[in-house]
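Student: For reference, the chains in residue letters:
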Amino acid sequence: MEGTHLNVGFLWLIPFFPLIGALVNGTVGWLLQERVGKWLNGVIANVAVWASFVTAAAGFLMLVGQEPERRMLIDHVYSWISVGGFEVAVSFTMDPLSAVMTLVVTGVGGLIHIYSVGYIAHDRSVWRYFSYLNLFSFAMLVLVLSSNLLLMFVGWEGVGLCSYLLIGFWFGDVEKAKAGMKAFVVNRIGDFGFLAGIMFLLWGMAGGWFSSGYQASESVLSFDFTTMAHTVQGLAGKQVLGISLATVICVSLFVGATGKSAQIPLYVWLPDAMAGPTPVSALIHAATMVTAGVYMIARLNYLYIMSPVAMSIVAGTGALTALFAATIGFTQRDIKKVLAYSTVSQLGFMFIGVGVGAFTAGIFHLMTHAFFKACLFLGSGSVIHAMSGEQDIFKMGGLRKKIPITFWTFLVATLAIAGFPPFAAFFSKDEILWKAFDTANPVIPWWPFAVWTLGAIAALGTAFYMFRLVYITFFGECRADEETRHHIHESPRTMTFALIVLALLSTVGGWIGIPHLFHLPNLFEHWLEPVFEHSAAQLQSRGAGAATEWGLMAFSVLLAFAGWLAAKQIYGGGRLDKAQAIVARIQGLYRWSYHKYFVDEFYHAVVVEPFLALTRALFWIDQHIVDRLVNLAGWVTTAFSNFDGAIDKYVVDGAVNIVGDTLIGAGRYLKKIQTGRLQDYLYVMVAGVLLVILLSRLLAGSA
Amino acid sequence: MTVQSVLSVAAILFSLGLYCVLTRKNAVSVLMGVELILNAANLNFVAFSSFTGTIGAPEVAGRVFAVMIIVLAAAEAAVALAIILAIFRRMGTVEVDNLNELRE
Amino acid sequence: MVNTLVFYCVAAFTVAAAGVTAFSHNIIRSAFALLGALIGVAGLFGMMGADFLAVVQMMVYVGGVMVLVLFAVMLTHRIRDITISNQSMNPGTAAVIAGSMLGLLLFGIWRGIPGGTQPGYESAASLIGENLLSAYLPVFLLAAILLFAVMVAAVVIARHRPHPKGVGSNQGGEEQA
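Residue numbers (this note's numbering), protein chains in the order written: chain A, 7 to 709; chain B, 4 to 107; chain C, 14 to 190.
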């Protein structure tokens, strides 16, 4: 292992720059904002995040310069925990996988920072916003660069905190503050799973209660990713309560991933998280943080590959979420909510990817998704900006001419997400669906087909709801009131710049991962090969062949067109009347979708209400039973105390007084022994000596 | 002359000293009794020393103790007589049965 | 044989002198009888071959302690009431106690101790000296320190001081130290 990496000393700078930015803005930012101006806060934050982008790019170039199997930079900062043979270091690793993530986080994050300068300019506390944003970048970079699972967990918690802070950025609004709390609580449930997974992993590696006589050697106890790649093999064949230990660990960790990456059943926080500022939605709740779960599974690919059951669960959950969220997206009226469910759906695709072992495809989709979803969110932010804060798409329409840059970038991103060639998602999503179809599942033979079917329908739905959004928002007549219509204007240069760059990336971003089918080099897969080679060797193709792949690809394009055509048919030209007619016919289904299948209500009824009822019941018990008991106990204690007091007063005190009086009386007599005469004492002394001698004599004689 | 005979003399001296200490009113006389007792003890030490050693090589520890006791006796006599003088000057008497300030 | 006879003579003298010390009503007589008893003990020391101790006994007790005792007697009593100066009290009780002590001791001596051989008369003074300055050196030094302390203490205690009150009333308390 040691010969296959480079030790470098600069990786710590990558998370360090945003941390400094966060500290500067967090401590003296308010002063700068007041004295110098809001632009300075933005400049500080941007300099920080772009500095780390440059550092990351330098690291990336270093990696490129290495032989493929030596592509790993390690920066050991210091030893964090060292207990016996258990070592955890604060050290950063940049291998091809984390290099991709770092570049996405700092690159897309940097664009969003630029965009934010324009977006947040009218807010009261710009310094707080940029401080949080930089802090988030720091936490996210720690997450992706960490060399071991524990440091990753630190970053994991850090991004959760920043997410909470930023969703509740406008905490004056109770709804928004509540959304922040919801995100935090739901994430906490997931984090519990993650933590349980870490515990299981440690327990398993340390030996557990296995009877096979397996003993942990000193070097086994490490959470270091490269070390674990070898040591987790020791978990093979171990079972807990009849379930494979690897499955237990993987499923626990996946619970953490469902929380962070908004999968069923813990996705409910993400749509509410749209309460935060739109750039935050783009950065945290679309491009970076929510992909942490995908990244984690890809990072631990060698662990997941050991448990086909857990892989199947991941893929199944991903497929279900992809379709489920897409159908909710059909009916939403809030532009950001549509995008939020779209994000949930796309994250589902990524989980399909990593769940079927197509880690490269999952990460590829993660990257392209970061481009086009950030573009979409920033575009929606631009739209909202233009509409003076209006988010209901039914009150928009006809914006195509008024904000052209926003429209064109938004359209490009929509084409990308819908999967039209040659835009980004065409390659990444197709790769995922192909791998889902082709990779054999050793546990459930029909699973790949089910996953693929769900994914394909979700892809169709994606195209539909995205074009619906585009038609309603940008085409037809403007349905806004006069006042708003008067104010519609294109966003400032900083915002459109980010949009253009992201639209460009959405277009060309997919070209680095062109499938082998086109006989062009698949740069992305080749790049990530060293990370996943071990896992890839264990996956088996079902042998569908190139012809099937061509067929499926064509089918995907067909689906995208079908979705577009359906949307055009119903909403073409920005009309709503046809849609209303259809809605009237399927009123029931519409209501289910519009109300998000009543999942929130379901959770409220099944989790929150019973919990509240339980608390009420406990309160009643407290009031009527416990309090009575306490009162009774109090009364009994008082009575007993009175009784005891009487005993104390007359019996105990009496006894004490008797003893005292007796002693005083005895002393009165005994003091007469003290005559003060020398000889009297001598008599006693000598008599005592005599007595002792006599006694010892007698006793010695008797013995 | 056996060790028993010497020890018997010492015992008699001790008893007489004890009687003296117990009966005398005068503090100086009490002190004389104490001197008798100390001499009895010294006699014992020397007797054991001489009768357990060989000729010309007595058990020397006994002799050393005897020397120390003589030194102590001299010191004790000096201090005790000084105290008696001081008491006489203050109280006008050295009768020990009158010196009962420590009573009760 | 002569030895034994001499021993019994010296022993008898010593015991008789001690008896006078214990029973005499005249304190001067008592003091001089003590002198005799101490000389007798010195003789016994000599007879047991402890010539060095005999000399020390003579010099320290007879020459030193007795002089002190006599001075004390002279200083604390007016010469005219010497005769009634040495009263006894509770002689019966004391006699019983001292007698029983004597009986017990003699019983123990004659029953519990094996007889010893008669010692020779060679001087062991050099032996004592060597031992005092080697094995028993700490004891020797402690004794020296004790003697010094006692000398100072005796002088301090016996020194006649003017009454503090008289000084204080004249000087207005300014020179009380």
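Since the hints were made in silico from the structure, they are not lab data.
Since the structure is predicted, the reported quantities are computational estimates derived from the model, not experimental observations.
Beta carbons: idealized from backbone N, C-alpha and C, even for Gly.
It cannot be assumed that every hint is accurate.
Said to hold, decoys possible - Beyond 12 Å from chain C on every Cβ pair, some chain A residues (computed):
no., residue
1, S250
2, I664
3, Q685
4, D686
5, A693
6, I699
To be verified - Taking lysine-lysine and the BS3-like style, the derived pairs with C-alpha atoms no more than 30 Å apart in a straight line are:
no., chain 1, residue 1, chain 2, residue 2
7, B, K28, A, K188
8, A, K574, A, K408
9, A, K677, B, K28
10, A, K584, A, K574
Student: Next step is simple, just say for each hint if it's right about the structure.
Tutor: Hint-by-hint comparison with the structure:
Remark: the non-interface label on S250 (chain A) is consistent with the geometry, its nearest Cβ contact in chain C lying 82 Å away (cut-off 12 Å). For I664 (chain A), the non-interface assignment is confirmed: its Cβ lies about 38 Å from the closest Cβ of chain C, beyond the 12 Å cut-off. Its closest Cβ contact with chain C, about 7 Å, brings Q685 (chain A) to no more than 12 Å, contrary to its assignment away from the interface. For D686 (chain A), the shortest C-beta to C-beta distance to chain C comes to about 9 Å, within the 12 Å cut-off, and the non-interface label is violated.
A693 (chain A), annotated as away from the interface, has a beta carbon of chain C within 12 Å; the closest lies near 6 Å. Distance check on I699 (chain A): its Cβ comes as close as 6 Å (rounded) to a Cβ of chain C, failing to clear the 12 Å threshold; non-interface status is violated. Note on K28 (chain B) and K188 (chain A): the hinted pairing is violated, with a Cα-Cα distance of about 103 Å set against a maximum of 30 Å. With a CA separation close to 21 Å, the supplied pair K574 (chain A) and K408 (chain A) stays within the 30 Å bound.
Straight-line distance between C-alpha atoms of K677 (chain A) and K28 (chain B) comes to about 23 Å, which keeps the hinted pair within the 30 Å bound. About 11 Å separates the Cα atoms of K584 (chain A) and K574 (chain A), which keeps this hinted pair within 30 Å; it holds.
In this structure, the hints that do not hold are numbers 3, 4, 5, 6 and 7, in rising order.
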